[in-house]
Amino acid sequence: ILNVEQSPQSLHVQEGDSTNFTCSFPSSNFYALHWYRWETAKSPEALFVMTLNGDEKKKGRISATLNTKEGYSYLYIKGSQPEDSATYLCALGYSSASKIIFGSGTRLSIRP
Amino acid sequence: DSGVTQTPKHLITATGQRVTLRCSPRSGDLSVYWYQQSLDQGLQFLIQYYNGEERAKGNILERFSAQQFPDLHSELNLSSLELGDSALYFCASSVRDPSDTQYFGPGTRLTVL
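Residue numbers (our numbering), protein chains in the order written: chain A, 12 to 123; chain B, 25 to 137.
Just so you know, not all the hints are guaranteed correct.
[As the list claims (entries may be wrong)] Derived CB-CB ranges, DEER-like:
hint	chain 1	residue 1	chain 2	residue 2	range
1	A	Glu56	B	Arg120	16 to 26 Å
2	B	Glu106	A	Thr33	21 to 31 Å
3	A	Glu81	B	Leu85	33 to 43 Å
[To be verified] Listed next, the in silico SDA-like pairs over lysine to any residue satisfying Cα-Cα at most 20 Å (straight line):
hint	chain 1	residue 1	chain 2	residue 2
4	B	Lys33	B	Asp121
5	B	Lys33	A	Thr51
6	A	Lys80	A	Ser29
7	A	Lys53	B	Gln65
Derived from the structure by calculation, the hints contain no laboratory data. For clarity, every value in this text was computed on a predicted model and none was experimentally measured. Heads up, the beta-carbon is just placed ideally off N, CA and C, and yes, glycines get one too.
Just chain A, same shape as in the assembly:
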């Protein structure tokens, strides 16, 4: 059974602090990892798509790294702002199962 795990489940961070969280996955037959930002009452918004081992993406204060051999990705947020409060989802595409599997997300709350 393919399982994507995200940790922690929730995180409370002081405004201005930096934070990071993890997405872990079975690495065999992996072909793409997506990070999404999902605000309450909205739809998921794509942050990054990562495909290669050692891939690193950056968008403003948010960056992500990928280790396909060991099966994990980190999402980093530098200098957290209140608008960063959201649930961050990772999703894996597997060619063997020909399906897309989402983690349960990390809920991030920023304290002003």
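With chain A's structure known, arrange chain B on it following the hints.
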């Protein structure tokens, strides 16, 4: 605004009924994906269509079916509805395959009474 549209926004129906959810992808996107988010579960991938053909299948029930039309819009048909089918149904689109960025629509909230 992602450019992906879904109709209707809300749908309330009774058990045993059949409904159709509609999705129009972003201009230029050939792939459409359907996802379900139930109250007690995360996002579940249902099915992907690419240029009119089924490309990948997730945990889609036999009572559910989908299709993608020549103009690339897609419909998700849910039949013999049960209370447990109440959920938020998202459609997403991408240029081609699942390694491309996916853009999500606003979702259709289905309530089965």
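Unsatisfied constraints (hint numbers, rising) | Those not satisfied are hints 2, 4, 6.
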